[in-house]
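Asks: Dock chain B against the given chain A, drawing on the hints supplied.
Chains as they are written, first to last, in the UniProt record's numbering: chain A, 1 to 149; chain B, 1 to 149.
Careful: at least some of the hints might be erroneous.
Claimed, not checked - Some chain B residues judged to face chain A by a derived CB distance under 8 Å, without partners named:
no.	residue
1	R63
2	W84
3	L89
Claimed, not checked - Pair by pair, the computed Cβ-Cβ distance ranges are:
no.	chain 1	residue 1	chain 2	residue 2	range
4	A	E141	B	A130	44 to 52 Å
5	A	E23	B	R69	19 to 27 Å
6	B	R18	A	S126	46 to 54 Å
7	A	R133	B	S126	47 to 55 Å
To be clear, the hints were calculated from the coordinates, so they are not data collected in a lab.
Here the structure is a predicted model, which is why all the values come from computation and not from measurement.
Virtual Cβ for every residue (Gly too), placed ideally from N, Cα, C.
Protein chains: 2
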Amino acid sequence: MAHGGYEAWLATAVAEARSGLAEGGIPIGAALYGADGTLLGRGRNRRVQDGDPSAHAETAAFRAAGRQRSYRGTTMVTTLSPCWYCSGLVRQFGISRVVIGEAETFRGGHDWLAANGVEIVLLDDSDCRAMMRDFVTARPELWHEDIGA
Amino acid sequence: MAHGGYEAWLATAVAEARSGLAEGGIPIGAALYGADGTLLGRGRNRRVQDGDPSAHAETAAFRAAGRQRSYRGTTMVTTLSPCWYCSGLVRQFGISRVVIGEAETFRGGHDWLAANGVEIVLLDDSDCRAMMRDFVTARPELWHEDIGA
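Bound conformation, chain A alone (with noise of 0.2 Å):
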């Protein structure tokens, strides 16, 4: 696919991430795409929101989407590279594809993920990449317990 269908499947996961941040919570946001290119499943962090330090995006897009018989073919869209949990997901499940809004305030799994066979798009996405630098800048203290560091 094109970077420009990539990019609209990344508009669902900022939508999601934007609205975690309106909600008080961490600006990530992720969906699950089948091959068809079905909405399978969508969510964003809910640290805050629920006090659930498991529900991160990727993970609540999947938890979402309910359960597969099989994720090959799947695509994981996040607004973030993916933590060592999130990738970990991926990795385990056999989703075939993450797309990736940005890298730059957060590098996770994702070169792990490629080296195991799974396709890595990293769109660099200005708008992604505001949102989490705004959100890590306020928020410090908050960002770093999300990521246990």
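Replies: Only chain B this time, still in chain A's reference frame:
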């Protein structure tokens, strides 16, 4: 800690696994203990019970522990070698130690964790092995779904 101490902790995870089995679920249990030995959270695989593919045992125990500022000194006890998803959880949040009931029926990412500074204690518990072996034999399709195989 002597292995006898870890086996007492493992009993908590085994009790979770047995509860899951009784519910018709996948018999994997886990518990997160604090540096001082306090039980922070416990949980079991809830794929069947909640229709939630993200609820692996370790993630469920981590979630039950709620928000924590640091995981330094904590121990994740699990009946089965942690898959990549749960191994990623341990690495990202800096959980110090993983105590594993068995790694014979499934071998996840615990060598990777050891290589990245996590203390691994493999108990090779015969009850854990038998419980998982019986389950995989009885419900192979459900087990494969749970690990994306």
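Asks: Give a verdict on every hint.
Replies: Outcome of the hint check:
1. R63: Since the shortest Cβ distance to chain A is 4 Å, the answer is holds.
2. W84: With a closest approach of 4 Å, the B/W84 hint holds.
3. L89: 5 Å, holds
4. A/E141 - B/A130: 44 to 52 Å: At roughly 46 Å between Cβ atoms, B/A130 and A/E141 fall inside 44 to 52 Å, so the hint holds.
5. A/E23 - B/R69: 19 to 27 Å: 21 Å, holds
6. B/R18 - A/S126: 46 to 54 Å: 52 Å, holds
7. A/R133 - B/S126: 47 to 55 Å: 53 Å Cβ-Cβ, so the 47 to 55 Å window holds.
In terms of the numbered hints stated before, the structure departs from none.
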